[in-house]
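Just need the whole structure built from these sequences, with the hints factored in.
Take a look at the letters that make up each chain.
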Amino acid sequence: MKKSLKILSMLGAILVSLGGLSSCKNNTKTDEEGNTIVTVSLMNSTNENPGWLAQIDAANKVLESWGEKIRIETEIIMTDSWDTFYSKVASNMIGQVGGTIIRIAESHVPMMIENNQLQDITDVVNELKESGEYNNASFDGVAYSDSKYYGIPTGTQHMLLFYNKDKFDEYNLAHPSDQISYPSGDWENASTFSEIRDMASKLSSGEGASREFGISMGPYLAYAGMYSKNNGGYNIFDDNGELAIKTEAFYDVYEWFDALLKTDKSMPTTSDTSTSSAVDRFLSGNLAMIVDGVWQLHDFTTLTNFDVGVAAIPVGAEGLTSYTTTFVDKWVSLRNSRTAEEDKVVLKALQSAEALTALGKKSVGGFPIRNDCVENYVNTLDNGKLHEYLDTIIGGRETGVQVPYSTYYNSVDQRINQRMSSWITGEMTAREFVDYMDEVMRQGINGEL
Amino acid sequence: MKKTLFLIPLSAILLIGCNNQASEYSKFTDVEITNKTLSKEEYFNKTLGGLLGQFAGFLSGYEFVWDGPNPHVGMPLEWFEFLNGPYAGNYDHYFPGDYATQGIYDRHKLNEETNMYEVWSDDDYHIDIFNQTILDEFGSSSYGIKEAWKKYLVSDWGGGSDAMNLINRYGLLAPFTGTIEGGNRYGWCTEGYIENETLGMNAPGMPNVANELIDKFASNVAYGDSIIWAKFYGTMYSLAYFEDDVKTIMEEAKEVLPLNSRPREIYDKCIELYNEHPNEYELVAKEIALWREPIYRIDNIQTDPSINGAYAIMSWLYGNNDYMDTCMYSSMFGYDGDCTSAICTGLMGVINGFKETNEEYDKLNSLIYYNGEGVYFNDRDSGFPPSIKSDVYFTRIKIDDIVKLYQKNFEEILVANGGKIEGDNYIIPTTTVYKDHSHLFKNYNAEERNTDGFSYSNNDLKVFTEGTNTNSHTGYAGFELTNSRNSEAYHKFSDLHEGSYYRLSTYVKTSSDAEIELFARTGDDVQIITFASQEDLINKTFIFKANSNDVEVGFKFTDDSNNEDKLYFDDFMLEEIDYKLINNISDQDLKISSNTYTKNIKKPSEVELNEEIIIKIQYKNYSDTTIASLNRNGNLFGSFVFSNTSLKSTSDGYDYAYIPYVFEKDSDIININFEGKRIYIGSIDILDQSQFMFR
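Chains P and E, in that order, give the protein sequences.
Counting the first sequence from 1 gives a position; the working numbering is that position plus 12.
Counting the second sequence from 1 gives a position; the working numbering is that position plus 343.
No wet-lab data here; the hints were simulated from the structure.
Treat the hints with care, since some could be wrong.
[As the list claims (entries may be wrong)] Using 27 Å as the maximum straight-line C-alpha spacing, the simulated DSS-like pairs for lysine-lysine come out as follows:
| id | chain 1 | residue 1 | chain 2 | residue 2 |
| --- | --- | --- | --- | --- |
| 1 | P | Lys-81 | E | Lys-835 |
| 2 | P | Lys-41 | E | Lys-785 |
| 3 | E | Lys-805 | E | Lys-835 |
| 4 | P | Lys-274 | P | Lys-258 |
| 5 | E | Lys-945 | E | Lys-991 |
| 6 | E | Lys-612 | E | Lys-629 |
| 7 | E | Lys-778 | E | Lys-590 |
| 8 | E | Lys-909 | P | Lys-41 |
| 9 | E | Lys-732 | E | Lys-590 |
| 10 | E | Lys-383 | E | Lys-629 |
| 11 | E | Lys-590 | P | Lys-41 |
| 12 | E | Lys-934 | E | Lys-888 |
Here it is in structure tokens:
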């Protein structure tokens, strides 16, 4: 960055200046046919990128059919961490290199809006909404701020409980007098915490490096509200907007985790997953159940040599509705884009029926926001392994809860994760850890982090 | 083993001996020498202040704090507590993760037997302290450093860890241990400066001597800007014995930062930023964070030496000669804050000394020093990486004894460099700082995003941009030269001194079958080296003699390359160097050797047995980069790198290996081993050693 940066009086102005720099380095690319190249940056998600690349290929054909002199190129940033991806994007913005459109996690959008890193695309969103072809409610959420839109959903995704049916069957075969059922796929009658604990315990065996585990559920902030709500509590904040972490519903959830981790040792710790991730353990048959997102549907059904079942998220007690955390990642255009107007055209092409159909065919991206593409996506799920679970998968859309992402959320989440090992190693009790979560969240709310 | 004497480059001796008269070969005559007196007591007191300041900064500073995915910069100043930051076990504001859970992040622990707190080892100072053992027992040669590391077994992060592995595996010598090509994956990182800057306390008032030492020790673990920053800080430590104003010290020390280099740009921007915002701590913290640039292989943006350098400079500016304020700002600005604070507070300790009237005295004394009874603990067992592992190294040592070791080494260095010890005083031939001798033209690093500064034909040279350094070394851009038959690209330097020697340092990568000359050309006079098939980015250096003021320096594809072959290069950095041929050992043309090469070399009369010189060996290697071992009289002396110079045995190319060497006898038999390889060996010279800025 040899161009001298002006001394600025406030951070906002500093970030605004990044936009100004774009005119200094007019390095807009064109191809041999004179098309302006818009670069899209993607995280290196090996299971999802076939879908995103298919969507981009289809969008290029749409651009051509529209007569637009614009083409999309893709840049893969070699990380599977959203934080690292964001950090690289921020660095690229400083250096005026890399993609001007990115796919970014919902969790990072409020911070990017506050940092003035995103382009206002209200006109694009309004055009899509006015077409009547989209689920207009999906445009709301974290990308809508101060009456402006800064992002377009890439689709909606939610959490499910996946299980290895073969492991259940093997257990039942070996224990004729102690049969266990598969977890329930009914969102109104989901398996309870105690039932899941019992299953997980029975499906765990072995010691040390060869131990097989019953279940993995990340005890992270992003899912904490979901479990609390499934236990009759609140999704982080109560109906009056007051913080509701320090409540019995939360304490119960973390004591449940505590029992799985420490008492039963039926859930792998962060130390266990540092040697092999929970997903890898599930794929290899080391783990009987895992709570993960619909984005795993493709891998869990194609990379496994056992039958996979899909169930609803567990609940604290019978009669409670099962809720599931919903994620809505975004396509965004960066604030200092060298191709700001072309980006808007590309964003529309990415939401075309052709592009979303191409994405859906790869079972990637979750449920499309374009109404006429949902059926196509569902059809791709209707393969041999998943056929009997379609209702469960689709049913999760009706009971979604959103993570209350905010400008301070990532910092809160990071602080809590840094302290998690203290709980897992026994330095803190589950209740103390919940109290710590509450304390950090309050610090975030009060701007004290 | 008999230790090698401290660095006394002939140039330095002649400079001093001739009372600022130029020797026939040294161009660096731009220093002034003034004898100054420093009492032994004052030296001890200032050095003690420096070491305690290193501990204090470390125990107060916040390291690698994140605010979500962004580095947390400009942290709340109310978090600051002198000697009670996270590394002192205070996690009120920041919990550092697993090491804290394991109880080993806290490096300030109470010894219940003595009822005194002890400072436990960390990379901010464990190598600084170990360097004193090396100087005392082995001297300052590359061989001595290697032998010391091998004997005492260094455990370290990053560049130090890789250097130790390379020493253990190959007996590799510095500077090869710090380089990409030698196999160090983290040489870009901070170890170069955080672990070696206190060598400035071995040469008070003699910054150029300090830099000779730093050049040797820092290049064992690092390359690039990390070493430039090490020299800047080391120069400041050296100057701080005779100057109380930190801003004056910085202004004098900035001479070591090459004009147009990133460290120098950072320095100048800090001064500008401070002048405009002398009271807006958070704003300048955030502004500096925006200056960051990618570096080849960097894996944590908070370890960027130059951004950390900016925070150090700004801490001294904001600290405004106040010890506590400097410690506070350097602890809280962000990034590698414990290291930055160790550097900054250590310097303030040298300036202030450790005096009862100082504001910081009571806490330092009651929590670390204990009126001379305070102890430093070499933690080799807890699992926290920085330590010296060998049982023959101390486990506990009094802080006073460390300072005494600094003093002992200083006294030897002083005498070796023309100073005197008279009663209770030292008479030190203090010098000003060598002026910058670099030639960094405006677009040397491609960051202008064009090809300005280079001549080429057929549109063969282009500039490329990238967000992750794959083909470039630093920043967002590099140069790409495509072959269309002997294609070349060069910069014409028009301000060189005829007869002087220059060293180009640049970063290169080629397509698989490319062979390229690096040339220095004046009309028909052409000096070259070559490199070939370099598919991973490496540093390439080229020493040549300027036979005119105007010299074209650049790259040219050889006849053996194919059309469309590629060369990527970045950071095309030239500096004028001291270069003295002491003796020619062999004039032979390149001759092929299989597996091994043996030669009897006589020690020149002007070279002492324990003095380090450079053996310059011409070679041609067409069998991939090779780590060759050099035996001296039948025993392993050390290893070095033979680069890949050529595509095939019939190619004309060659390069030179510059191997730091110490004679054991008046006539040594050297045996170079390259098992399974056939390498051509040509002329052999003995050179006086020299330091370089662009390692």
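These are the hints, each one checked on the structure:
no.: 1; hint: Lys-81/P - Lys-835/E; verdict: violated (42 Å)
no.: 2; hint: Lys-41/P - Lys-785/E; verdict: holds (25 Å)
no.: 3; hint: Lys-805/E - Lys-835/E; verdict: holds (18 Å)
no.: 4; hint: Lys-274/P - Lys-258/P; verdict: holds (22 Å)
no.: 5; hint: Lys-945/E - Lys-991/E; verdict: violated (33 Å)
no.: 6; hint: Lys-612/E - Lys-629/E; verdict: holds (14 Å)
no.: 7; hint: Lys-778/E - Lys-590/E; verdict: holds (18 Å)
no.: 8; hint: Lys-909/E - Lys-41/P; verdict: holds (22 Å)
no.: 9; hint: Lys-732/E - Lys-590/E; verdict: violated (39 Å)
no.: 10; hint: Lys-383/E - Lys-629/E; verdict: violated (43 Å)
no.: 11; hint: Lys-590/E - Lys-41/P; verdict: violated (46 Å)
no.: 12; hint: Lys-934/E - Lys-888/E; verdict: holds (25 Å)
Hints 1, 5, 9, 10 and 11 from the list above are not met by this structure, while the remaining hints are.
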